[in-house]
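Numbering follows the working numbering, in which position 22 of the sequence shown is assigned residue number 52; successive positions increment by one, without gaps.
Hints were generated in silico from the structure; no laboratory data involved. Nothing here was measured: the structure is a model prediction, and the numbers come from that model. Some hints could be false.
[Unchecked claim] Calculated pairs, DMTMM-like style, for lysine to aspartate or glutamate (alpha carbon to alpha carbon, straight line, at most 20 Å):
1) K98 <-> D158
2) K159 <-> D175
3) K159 <-> D91
4) K235 <-> D158
5) K98 <-> D175
6) K98 <-> D152
7) K98 <-> D157
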Amino acid sequence: MEHVTAAVPHPRSEGEGEGPAARAGRRSLAVALLSGALGAAVALLATRQRWSMGTATVAGDAFPLSAKGSDITGVPAALAIVGLAALVAVFAVRRAGRFAVSALLALSGAGIVVAALLGATDSSALDDKAAQASGDTSSVVHAFDHTAWPYVAAVGGGLILLAGLLALLYGRRWPAMSGRYERNGTPRPRRAPVVDPDRPEDIWKALDRGEDPTGA
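Modelling step: build the complete structure from the supplied sequences, incorporating the hints.
As structure tokens, this is what we get:
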């Protein structure tokens with residue numbers, strides 16, 4: 031008697047058989063999530079640090095002054111929060127909505143970069159502190175200098191910008207937060223609730239849905 035040997039298929043490892051588009055979409059998703067979250071954290075941290083310092087003349091003596099990033103501009107911190115919210119919202123919308131949210135994410139990152147670079151050379155916050163310390167509204171800060179923290183905030187904005195650009199390019203391949211849809215976007219069929227003829231509340235609910243509770 032001849033023995034027939036059935037070919038047993040080997041299980042595929044994770045990712046095997048995926049096309050280049052699927053792999054690129056998965057990689058871009060991971061990079062966007064990491065860079066967006068890290069960029070928002072870096073930008074928020076940087077705005078709490080000292081960005082600039084200088085001296086003011088108070089009663090003939092040099093009085094040291096310093097200003098945090100939040101004293102100079104509130105734009106980077108605000109846009110970091112907006113960018114973080116947009117990063118989450120990308121997965122809650124589809125098609126045109128996803129494109130709009132991705133664009134908002136990219137613009138948030140670009141805005142942080144611009145605001146941080148402008149803040150590195152902005153002495154207005156220190157001038158205000160010099161005027162308060164000296165009691166003279168025309169007093170300005172001297173020996174103005176800045177730290178590296180504005181550029182750290184700009185790096186954080188650049189990471190958010192990268193996340194936004196990845197979302198614009200590959201976002202259509204990313205999944206969405208909806209259990210009603212399959213991976214190809216087709217709605218999953220819903221099962222009709224079972225109507226118990228001995229329970230009046232089930233009958234009324236079926237009638238409200240426009241169904242025949244008798245099943246006829």
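_Of the numbered hints stated earlier in the document, which are not met by this structure?_
4
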